[in-house]
Structure formats: structure tokens, C-alpha cells
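Protein chains in written order, with this note's numbering: chain A, 274 to 352; chain B, 274 to 352; chain C, -1 to 218; chain D, 6 to 733.
Calculated directly from the structure, the hints in this document are not laboratory data. The beta carbon of each residue, even a glycine, is placed where N, CA and C say it ideally should be. Mixed in with the good hints, there may be bad ones.
Using 16 Å as the maximum straight-line C-alpha spacing, the simulated EDC-like pairs for lysine to aspartate or glutamate come out as follows [unchecked claim]:
hint, chain 1, residue 1, chain 2, residue 2
1, D, K625, D, D677
2, A, K292, B, D318
3, B, K283, D, E306
4, A, K277, B, D350
5, B, K313, A, E345
6, D, K351, D, E332
7, A, K277, B, D348
8, C, K0, C, E20
9, A, K313, A, D348
10, A, K313, B, E345
Not the full set, but computed from the structure, chain A residues with beta-carbon under 10 Å of chain B [what the hints assert, rightly or not]:
hint, residue
11, K277
12, V280
13, I294
14, G305
15, D308
16, V309
17, R310
18, Q311
19, K313
20, A320
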Amino acid sequence: MKAKIRVTLKTGVLDPQGKAIAGALGHLGFSGIGDVRQGKYFEIDLAETDKVRAREQVKAMCEKLIANTVIENYDIDLT
Amino acid sequence: MKAKIRVTLKTGVLDPQGKAIAGALGHLGFSGIGDVRQGKYFEIDLAETDKVRAREQVKAMCEKLIANTVIENYDIDLT
Amino acid sequence: MKSAVVVFPGINRERDMMLALETVTGQRPVAVWHAETELPSVDLVVVPGGFSYGDYLRCGAIAARSPIMQAIKARAAAGLRVLGVCNGFQIITEAGLLPGALVRNAGLRFVCRQVRLTVENNRTFFTNRMQTGAIVSCPVAHGEGNYICDTETLKRLEGEGRVVFRYAEGTNPNGAMNDIAGIMNETGTVIGMMPHPENMIEPLHGRTDCRPLFESLLAA
Amino acid sequence: MTLANNTTITPELVRQHGLKPEEYDRFVKLLGREPTLTELGICSAMWNEHCSYKSSKKWLKTMPTTGPRVIQGPGENAGVIDIGDGDAIVFKMESHNHPSFIEPYQGAATGVGGILRDVFTMGARPIAAMNALRFGAPSHPKTRHLVSGVVHGIGGYGNSFGVPTIGGEVNFHPRYNGNILVNAMAVGLARADSIFYSKARGVGLPVVYLGAKTGRDGIHGATMASAEFDGKAEEKRPTVQVGDPFTEKCLLEACLELMASGAVIAIQDMGAAGLTSSAVEMGAKGDLGIELDLDKVPCREDGMTAYEMMLSESQERMLMVLDPAKEKQAEAIFRKWDLDFAIVGKTTDTLRFVIKHHGEVMADLPIKQMGDQAPEYDRPWVEPKTPAALGDVPPPEDLRAAILKIVGSPEMCSRRWVWEQYDSLIGSNTAQIPGGDAGVVRIRGNKAIAVSTDVTPRYVEADPFEGGKQAVAECWRNLTAVGADPIAITDNLNFGNPERPEIMGQFVRAIQGLSAACTALEFPIVSGNVSLYNETNGQAILPTPAIGGVGLIPDLSRMATIPFKAADEAIILIGGHGSHLGQSIYLREALGREHGAPPPVDLAIERRNGDLVRQMIRRKAVTAVHDISDGGLALAVIEMALASGLGASLAALDHRQLFGEDQARYVVTTSDAGTVLAAARAASVPAVEIGTVTSAATLNIAGGPSISVADLRAAHEGWFPAYMAGEL
Ligand SMILES: Nc1ncnc2c1ncn2[C@@H]1O[C@H](COP(=O)(O)OP(=O)(O)O)[C@@H](O)[C@H]1O
Ligand SMILES: [Mg+2]
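The following block holds chain A by itself, in its conformation from the complex:
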């Protein structure tokens, strides 16, 4: 089973990288660009085959390590 995890900054947390990308896209001539937010993405191969147990396991990984829940949210996709 494969877990795909997206980690994004909580609303309200400044995202200088996103802002810089928005600026750079503007310089490159792209128009109509609003907010840009940058996050992280992870793919993890799991031995677990049960979806429910896998989700629990991945949730624990996110809480314990992968996301800094002080400033980040995460969401999990299992395939």
C-alpha cells in the first residue's frame, strides 16, 4: 500500500516561499495569479495492506514526525 501525504502551512502562517514564487511568476509574465502556497509532499510504501490500519499508522507518522502540527496541516491519501 502506498500513502501519499500532503503537508501544508496552516492558514495565517506566512509563506515566504509561496510569495516569492508568486512574484517570480509575475516577472515571468504570468498574469491572473492569486495566492501561491508551498507545501510538502511525501510518498511512503507500506507493508500494511489493511486500509484502516494503514491510515492509522500514517496518521501517527504525521503527528509524530512528518508534520509540525504547530504550523502545519496534513492530509493522507491511500492507494
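Given chain A, put chains B, C and D with the ligands in place with the hints provided.
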């Protein structure tokens, strides 16, 4: 319209971050962890409302700036 | 004053820190390897700078979850003094010993330069030889030293005098909230700071401004 | 690459491997049969320019490489010099030009990683890093992206690894538009009696693989590094090597522990052509055969073929010959640092390089002919053209405007934007950060070393012989200016296609110039690297023999720096007034011309003047010192003012005196002009008092303009950040 972009390392490209995370998850007692790969995730608000044109625009952004296509792949989701 | 310096793989300023501690306090600190589960009996634990685990994932994140940090957390709860510098600040913050988070510099680049620091609180184990309001030169060398926290926490830090160092005179190198360069926990036993006082203690370093910080350890 | 090992080798396949038909014939004759695919790959890696030095060897052999302080000259991973007290300095420079053009961040990062490995392979802890960078014109659409990526990559690797980056160079010129140069230098400290070498010793001993796993990175990187670009380089997109500074830092610590344990008989890092070149080098140097069993090689990916494993350029790997009695202890050290440790082969007495995989022999080659007896060419070369005489150069219409323009030009402006991204302080031993004449790092007590990298490519282009001399002389002068005794150099010879006689002519004459200067200044070459084929569509780079020099400062309390120290001190020009404007910055930046001959270097005068300056620094007779180079006297004085915040009031000086780039000159300040002038007279060195340091922060030229240091600073500090922000 909102574009969600995942940027991942091409197969075969070394991913030191993924490797370190896999190691740390092991130390934290998680078992059955295979390969871990880290990528980037972006959300971009677009003024464009036409899906076809939006995809083209975002594709151009990825090629020109957001992904380093020498070592990265990207995929785009529009909502 | 007995001290220990914790070494994680990828930490690289442990020699600088040990040299400063030894030079100023006269006692050579013990190096503690990250895989150990017990701390030696010391008066102070320092988590030095560097790139623990390459700072992969997030700065300090992986180190914060290592076995030795569990021991440090337990001893810190019992009142042991802990100082985290640069990556050490990031590690102890990730470990929950200090509130908030350290994120990417606002300028998005690594910055190595001299800044000016105001000592905001001199009633701590690392500042008691200084005057509150004193300004010292000190170098920074980091890519992710931008301190952030929620408004509630910020209010408490400021209200309780827990901001120990602030970037002075427009020298904030990273966009940190309220120019915060260093903070402490509620009891004042844990201090974290981004700048590198260990690199400003002898004439070779150009100035010796940060020597009194290490001298403070002797009085505390 | 999924071809079978017994694939028929077609001329097309030979061509793709960068081998000339006659080279392939030579290879077949050597084997007495058709090679296997793996053998072809090994041959292409070992016989390419990068690994074999086939075009350059003949000339490299002519360079002066010995001296009383030389412990190890060229031929090892890095050069080694004796700095007394049982200490040795290990250093080398290496290019990562092509990879950095393709992927600037990773290319530069792995360049730094590679050179650090060269240094710690020899048992030295890296204590300083430098980088010499050349980019295309600022207006070229790729330049900003390349500068950004390269600088970020150098910092990203060096900062994380934990070595202070204390200096380097940055030039811009349209001739680097299609071929940037990224030359990285590392300097390490070791004990003189425990240096480690790559020469294998002993038959039947285990060959051990250390470090990170092998992936499909950079396969054919070594071949790529020797291939000319044809404008399609970007489409080829070879598998880029990704650097992992964290693993390298662990590898450093593990290797130093391992060396201290006495387990290492020979050790060699895996650089270009990875496992192939490291194994061949160890065996060939030791007159031994090597047998490898690829089933034992730690791999990152499934199904890697022998061909791929032998040519992979995955980073952060080493190969060593182990004392079998210490195997367990050695393995425990590597496990502790979470690194791979695998016995992958053994030394033999057959002088064959034998590769086995899945029980089959994939390659069986004569090791000497792959290594130290690889082909060597005597390429035809022609004498470079002498530059046309320059004639009179007019003064500027507006001197103030000319000065501000030069101070704020891409070539002369502050590099702070670059070096503030490098940790220059880690180690607590940095006595001079970038921005001065040389970086300085304390060894211990009061002893320190100074490091500088130099070359003026426009001089070398105009006259390779004089330009070659000048590169060495300037490096020597920079070390002298901080008060160091220059000891030895490394070089990185970056040139175009050596198959063109004009390029080969530049190469030969530049080497002759370097050699003349090294001999006259007793400044031997102990290591180096050659990067050829830096051409795109037939347009070669400016010939760029970068020099990295190391000097010794016996007593740090007698080190000189460039800032003015106090108002009212005399400003003295050592070496006499200048007048040479050929190839000068003034000519180029103020008048838009690149003409004439470069300033000639009189090596005897160079030495005489430098020795005087060093003596005066040691006697504390001078308070600030700066050598004169690009931009002449004017720029030297301005840089001293900018570094201090004080001003200068200068005598009337014409444009030739202000901007002439005549060699062997320095600006010094002193509170006792009489003593300095008398010492100069006694040494027969021309010296002129040209002005006074002022507390007013203004540059004042008698009968000329008055420019505030604030305006000079705005121009000097302004260009780089503004350019990088896309504002220019
Ligand atoms: N231009 C040069 N001047 C002096 N020595 C050189 C030069 N180029 C290469 N060498 C020496 O040749 C040897 C092989 O160089 P190189 O292949 O670059 O080393 P490595 O295998 O460590 O990358 C080294 O000892 C190097 O010092
Ligand atoms: Mg090498």
C-alpha cells in the same frame, strides 16, 4: 480556479530527504516502511476559469519555474 | 560548572561550542552521542549548531525525536538547564521544550553575517553578567531562523519577559516576529537562540562581545 | 542502458562512448579480442580526457612540483605540504563545470562534495573551502539562474557539511555564456606522519566499499565532462548526481575514525567514473590486480547491471584496502555512522582488473594500461597571436562618473551577496572572512594559513604566457598582502577544445607562464585538475587557469587586513606609479574596449616588492595592506576605504596612475611614513606617499572629484543584489 501541483523526483534520482525520513520512522518504531520519497506541493489561485487554458498556463509555470525538469516530474490537479 | 554538548549526526558546531565553554568556564564539556539514553550528571546541556540529519524534512525535526532528546526532556522537566543554539534552538523547539517554530528566512537564503543583539532579560543563566538593554555584536549563520508563533504565545513571551535576545538596529536577518533572536521557557531553565555567541569570544573573532554570556554560566 | 554484456560493439557504440576509432583499435589490440560492453564502458571512462589527462599530461609533467615543504605533489587525491610542528596542509581544486551548467544547484553542490572528499580521503579534516566561478554576461538570459543555483548549491553543501568557505572569485564574461566554470577548492589539516594514500599494498587483501549506496546517477558523467556542448546539451538530460552533504559529513567522521584505528592500508574516494577509476587507480599505482564481485556492491536500485555499477557516479562513496585483522572494528565504525560497509573484492597479483557479476566475468582488463599507462597525446599547437599595440588611452570625460561606474560594475562590485550565503565562521578559527585579499584560518595557537584563488582570464586570452605568470603572481601577492609566506599552489586549468591547435597553444603557453612564475617565486604546484572542451558551437571560454594558493602565517598578531585603521595615517604606494592600461578594467568598463597586451609581470620585482611588504607587516610598520590588481590603484584605495568607513585624500593622479594595472604593487598605510619609505629605499623598491587617511568619509583626489564613501558604497554594494532580484 485553483491548481494543485505535486512535484516529485524522477525515478532513480537520489532522495536524501526521503532516505533520512525512512530512517527516522524506523527509529520511532514504525515497521513495514518501504521507500519514502519527498516532493513538493503547491496551491495556486488562478483568475483563469477555463480548464483547458488554465492547465496550459500551469503547465508552462511548472516547466519554467516550479519544477526543475532536469530531475523532477510534476502533475497538476485543477479544481 | 559541568556541561554536556549533545552530538547528533550532521551536527557541526559542536567543536566551536566546546571550545567556547572550555575557554570561558575552564572546564571541558562532555560530548554526548545522540544514541545514548542517559545524560551524565551535569549542570548544563547544550545542543549546538549544525545540520542534524541534514536538516532534512524540517530543521531539527529528526534530531528532536532521537533517544537522547527523551532523556533531555525528562531532565529539563526536573529543572536541568538547557541551551540550544541555532540548530540546537530548532531541535529543542521541535522537541516542544520551547514554543513556536523556526521557519525559512524571509529572504529565502542562508545568511552568515554579524548582527546586533539586545539583551532583553538579564535574569537568566546565560545573561546575568550583562545589562538588560545592552547591545552586543554576534554572528548568525542559518537558513531557517525565522521565529514564528501564534499571537497568544507571542503575547505571553513578551508579557512574561521570555524574549531573551532581540535583533537590534534593523539587523533582523530572517524576518523573525518582533525581531526575536532568543527565547526561554516559563521557568527560565531552557534558552534557545539562533545567533552563534560561541563564534564571538576571542580577539581572533574580531570582537569578544559574547564572552560575558558564557561567563554568566559560572554565576548561575 | 539495457544492452547485454556480450553486445556486439559497433562503431556507433564506440562513438557514443567518446572513443576515437584509433583509440578503440588500440583498446582491441591491448585485449587481443573484442571488448564486452562493460569493458567498453570502463575504457571510455578511464581513457577520456577527464580521467586520463591524455592531452595535458605531456605539459603537466613540465611544471615545478617540488620544494622543501612539499610532502606530496601531483598524482594523489590532493597535494600535501609541511607547515611545521608536525602539521600538514592537504589541498586541491577541482572543476564541476558541465554538471553545473546542466543543473546548477546539484552540479555545484556535488563539486564541493567531490573536492572535500579528495581532501579527507588523505586523512585531513577540511578546514577551509574556496570557489572560483565564471559566468556568462549578466544580460544573458541564463546567467541569473545559473549564479543563483551555483551559489546556493555551494552554500547548501559546504554549510551543511560544516566547512568554512573563506573566499573565491566571480567573473562575468560573454565567453562563458554557454560554458560556466565552477572550480571548488578544499583545504584540510592533517598530521604530517599520518597521511593516507591511494596506492594499494599487499596481495589477497579485502577491498571495501564505504559510504552511500550506488544508484544510476551521472552514468557517463566523466565522459560528459570531456565532451563539447553542441547546444543540445539540455535535451540530453543525463541522470544528474544529487549531493547529500549529511552523508558526506558522516563519511568524513567515519573515515577519520577508521584511519585512526589503523585499519586503512589504502583509500581512494569515488569521484568521476566512480568504482571504475577508484579501483583502477588503487591497483595500478600499487602494481596489483583488483577483483570485484558486484553482487556485494550496495545498490540503491534494483536490477543494476555491471555496466551501470561500474560507471555510476553516485556521490559520497569511498573504496579502501583494509587490514583484515581490523575488519570487525572497521565495520562497527561505519555502522555507527549508519553508512554502508561491504567487502566487494580483493587485491591480486595478476595486474588484471576483473569484474564479476552473478558469477560471470563481465570484464577482465590489464589494469596498468587502463590507469597510469593510458594513452597520451602530443597535440599540435600554434603560438598565440601577439595582441595589437594599444596606443594612447584617453582620460575619462567625467572622472567621478567613471569611478562610480567601475566600482559598481558587475566585475568590480562587492561579492557580499555571494559570500554571505556561505558559512565563513564555522570552526571558530576564521581570522579573515571573504572580502579581503585572502581568507585566513587559524591552525592552533598563533599559527594560521591564508588561502587565495586567482586568475585574470582576459589577460590570459590576450597573452597566455604573461597571463599564466600573472595568475600565479597575483595569488602570491594576495597571500603576501595578509602577511603570509606563500607556500604552494593547486591549479584548475580550464580551456577549450585541445584538438584545436590555437587552444592547445593557449594551454601550452599558459602552463609555461605558470611554471615560470612558480619557479621564480618558489611556489610549487602540488595538485590540480584540467578541464578541457569548454566550448559551445566552436566558441571557447576565455582560457582560465585558476590558481589556488596556500600561505603560512607564523604569528596571527602580525597579520595584515585591508581596512584603513586610523585618520591621518599616510597612504603609501609600494611598487611605483602605474601606467599600463592594456586589458584594464578602466579600458573595458569606462571605454567599452578589450584591447592591448596585459600588464607584463617581472617576477624578480614581484618577489622583491612582496618580500618588502611582508617584512613590513611582520615588523608592524604598516597598519593596512591591499594588493593592486583589477581596477588599479584607485580601486585598491576605494576598497580600503569601503572596508573601514574612513576616507582618503589623494594627491593629483592622472587616469593612468589611477587605473593602470601594473603588477607587483601594493597600497599600505602607516603612522610612520619615514620608516616605510626608508625601508623601501633600502630594498630598492619604488614607494610613493600618495595621500592620507581621513576621518571624513570621502574620497578626495587633488584637482579632481570628491566622492563620498556612502556613494561609493551604494554603487559597490548595489549591483549584485539588484541584479539577482531581477531589477537590472
Ligand atoms: N593542472 C594540474 N596540475 C597539477 N596536477 C594536476 C593537474 N591536473 C591534475 N593534476 C593531478 O593529477 C591527479 C589526478 O587528478 P584528478 O583526476 O583530477 O584527481 P581525482 O581523481 O582525485 O579527481 C591529481 O593528483 C592531480 O593533483
Ligand atoms: Mg580523488
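Verification of the hints:
At roughly 11 Å between alpha-carbon atoms, K625 of chain D and D677 of chain D fall within 16 Å of each other, so this suggested pair holds. A hinted pair counts as satisfied when its Cα atoms are at most 16 Å apart, and K292 of chain A with D318 of chain B qualifies at roughly 12 Å. Only pairs whose Cα atoms come within 16 Å are accepted, and K283 of chain B paired with E306 of chain D is accepted, the gap being roughly 13 Å. Between the alpha carbons of K277 of chain A and D350 of chain B the distance comes to roughly 15 Å, so the proposed pair stays at or under 16 Å and holds.
The suggested pairing of K313 of chain B with E345 of chain A holds, with an alpha-carbon distance near 14 Å, which does not exceed 16 Å. A hinted pair counts as satisfied when its Cα atoms are at most 16 Å apart, and K351 of chain D with E332 of chain D qualifies at roughly 13 Å. A C-alpha spacing of about 14 Å is found between K277 of chain A and D348 of chain B, which places the hinted pair at or below 16 Å, so the restraint holds. A hinted pair counts as satisfied when its Cα atoms are at most 16 Å apart, and K0 of chain C with E20 of chain C qualifies at roughly 10 Å.
This hinted pair checks out: K313 of chain A and D348 of chain A have alpha carbons roughly 11 Å apart, not beyond 16 Å. Only pairs whose Cα atoms come within 16 Å are accepted, and K313 of chain A paired with E345 of chain B is accepted, the gap being roughly 14 Å. The closest approach between the C-beta of K277 of chain A and any C-beta of chain B is roughly 8 Å, which is under the 10 Å cut-off, so the hint is satisfied. Proximity of V280 of chain A to chain B holds as hinted, the smallest CB-CB distance being about 7 Å (cut-off 10 Å).
The closest approach between the C-beta of I294 of chain A and any C-beta of chain B is roughly 7 Å, which is under the 10 Å cut-off, so the hint is satisfied. Taking 10 Å as the C-beta contact cut-off toward chain B, the hint placing G305 of chain A at the interface holds, the least distance being around 3 Å. For the restraint placing D308 of chain A at the interface with chain B, the shortest Cβ-Cβ distance is roughly 5 Å, inside the 10 Å limit, so the hint holds. A distance limit of 10 Å between C-beta atoms decides the matter here; for V309 of chain A the minimum to chain B is near 5 Å, and the interface restraint holds.
This hint holds: R310 of chain A has a C-beta 5 Å from the nearest C-beta of chain B, less than the 10 Å allowed. A least Cβ separation of about 6 Å between Q311 of chain A and chain B falls short of the 10 Å threshold, and the interface hint therefore holds. The beta carbon of K313 of chain A is positioned within 10 Å of a beta carbon in chain B (closest approach about 6 Å), and the interface hint is therefore held. Against a cut-off of 10 Å between C-beta atoms, the interface hint on A320 of chain A holds, since the closest Cβ of chain B lies about 3 Å away.
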